[in-house]
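In order, the protein sequences belong to chains A and B. Just so it is clear: in the first sequence, position 90 is 90 by this note's numbering, and no numbers are missing. Just so it is clear: in the second sequence, position 1 is 1 by this note's numbering, and no numbers are missing.
Take every hint as true, because none was put in to throw you off.
27 Å max Cα-Cα, derived DSS-like pairs, lysine-lysine:
{"#": "1", "chain 1": "B", "residue 1": "LYS57", "chain 2": "A", "residue 2": "LYS71"}
{"#": "2", "chain 1": "A", "residue 1": "LYS22", "chain 2": "A", "residue 2": "LYS57"}
{"#": "3", "chain 1": "A", "residue 1": "LYS22", "chain 2": "A", "residue 2": "LYS37"}
{"#": "4", "chain 1": "A", "residue 1": "LYS37", "chain 2": "B", "residue 2": "LYS57"}
{"#": "5", "chain 1": "A", "residue 1": "LYS42", "chain 2": "A", "residue 2": "LYS22"}
{"#": "6", "chain 1": "A", "residue 1": "LYS71", "chain 2": "A", "residue 2": "LYS58"}
{"#": "7", "chain 1": "A", "residue 1": "LYS42", "chain 2": "A", "residue 2": "LYS57"}
{"#": "8", "chain 1": "A", "residue 1": "LYS68", "chain 2": "B", "residue 2": "LYS57"}
{"#": "9", "chain 1": "A", "residue 1": "LYS58", "chain 2": "A", "residue 2": "LYS37"}
{"#": "10", "chain 1": "A", "residue 1": "LYS71", "chain 2": "A", "residue 2": "LYS57"}
{"#": "11", "chain 1": "A", "residue 1": "LYS42", "chain 2": "B", "residue 2": "LYS9"}
{"#": "12", "chain 1": "A", "residue 1": "LYS22", "chain 2": "A", "residue 2": "LYS68"}
{"#": "13", "chain 1": "A", "residue 1": "LYS57", "chain 2": "A", "residue 2": "LYS68"}
{"#": "14", "chain 1": "A", "residue 1": "LYS37", "chain 2": "A", "residue 2": "LYS71"}
{"#": "15", "chain 1": "B", "residue 1": "LYS57", "chain 2": "A", "residue 2": "LYS42"}
{"#": "16", "chain 1": "A", "residue 1": "LYS37", "chain 2": "A", "residue 2": "LYS57"}
{"#": "17", "chain 1": "A", "residue 1": "LYS37", "chain 2": "B", "residue 2": "LYS9"}
{"#": "18", "chain 1": "B", "residue 1": "LYS57", "chain 2": "B", "residue 2": "LYS9"}
The following residues of chain A were derived to be distant from chain B, with all beta-carbon distances above 12 Å:
{"#": "19", "residue": "SER26"}
{"#": "20", "residue": "ALA70"}
{"#": "21", "residue": "HIS72"}
{"#": "22", "residue": "THR80"}
Listed below are several chain A residues computed to face chain B (Cβ distance under 8 Å; list not exhaustive):
{"#": "23", "residue": "TYR32"}
{"#": "24", "residue": "PRO34"}
{"#": "25", "residue": "ARG43"}
{"#": "26", "residue": "PHE89"}
{"#": "27", "residue": "SER93"}
{"#": "28", "residue": "GLN103"}
{"#": "29", "residue": "VAL106"}
{"#": "30", "residue": "PHE107"}
{"#": "31", "residue": "GLN109"}
Since the hints were made in silico from the structure, they are not lab data. What you are looking at is a predicted structure, and each value in this text was computed from that prediction instead of being measured. No residue lacks a Cβ here, since even glycine has one placed at the ideal position from N, Cα and C.
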Amino acid sequence: GENVEQHPSTLSVQEGDSAVIKCTYSDSASNYFPWYKQELGKRPQLIIDIRSNVGEKKDQRIAVTLNKTAKHFSLHITETQPEDSAVYFCAASKASGRIQGAQKLVFGQGTRLTINP
Amino acid sequence: DSGVTQTPKHLITATGQRVTLRCSPRSGDLSVYWYQQSLDQGLQFLIQYYNGEERAKGNILERFSAQQFPDLHSELNLSSLELGDSALYFCASSVGGQSYNSPLHFGNGTRLTVT
Numbered sequence: 001g002e003n004v005e006q007h008p009s010t011l012s013v014q015e016g017d018s019a020v021i022k023c024t025y026s027d028s029a030s031n032y033f034p035w036y037k038q039e040l041g042k043r044p045q046l047i048i049d050i051r052s053n054v055g056e057k058k059d060q061r062i063a064v065t066l067n068k069t070a071k072h073f074s075l076h077i078t079e080t081q082p083e084d085s086a087v088y089f090c091a092a093s094k095a096s097g098r099i100q101g102a103q104k105l106v107f108g109q110g111t112r113l114t115i116n117p
Numbered sequence: 001d002s003g004v005t006q007t008p009k010h011l012i013t014a015t016g017q018r019v020t021l022r023c024s025p026r027s028g029d030l031s032v033y034w035y036q037q038s039l040d041q042g043l044q045f046l047i048q049y050y051n052g053e054e055r056a057k058g059n060i061l062e063r064f065s066a067q068q069f070p071d072l073h074s075e076l077n078l079s080s081l082e083l084g085d086s087a088l089y090f091c092a093s094s095v096g097g098q099s100y101n102s103p104l105h106f107g108n109g110t111r112l113t114v115t
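Work out the full structure: start from the sequences and follow the hints.
Take a look at the structure:
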């Protein structure tokens, strides 16, 4: 089955600097890669996602890149702000052509991002 | 608010007991997912249902079972509870059923404490 590895486990950056979180996946058939942000005691919230037919996607200060050949994808946050402090999770899944509606979204272990003022 | 409703918010019970967690998906979503998050841990996939049928299974213990009802709400049953089952249990929903994967929207979770 799919396995997603995420690095680093903790990341501390100065406010205004950039943060990069990297993930690798094992199943070459995976084609959907979302990123979730989870604040302390809250639910995970989708911040951006990318599909395998796209190499890069950007939404304001957040961008995600995908390298299908190397089976890795990354989250880039620019001009970091204190409210960016949270745990970030990457995930991967594939659409099952055999079983209608089947979707097993596998998450990485998470990165605790701290923005220092 | 994600539109996914989970009840109860908190649950405290003793070892050996059985509990039921309930989830109502967003309006229009056909897929429901259950995840377990232990303290400072990641999100462990348990099981997924689509339109009432089990569609994908993760490392769900035999003591755990789930189902999705005709009205699309889902229940996760945890029995013979152990201290290690203490965790935050999240339900998520998505449109589902398409040839491509759709985003998951998470509820606020049920915090289970086994004493």
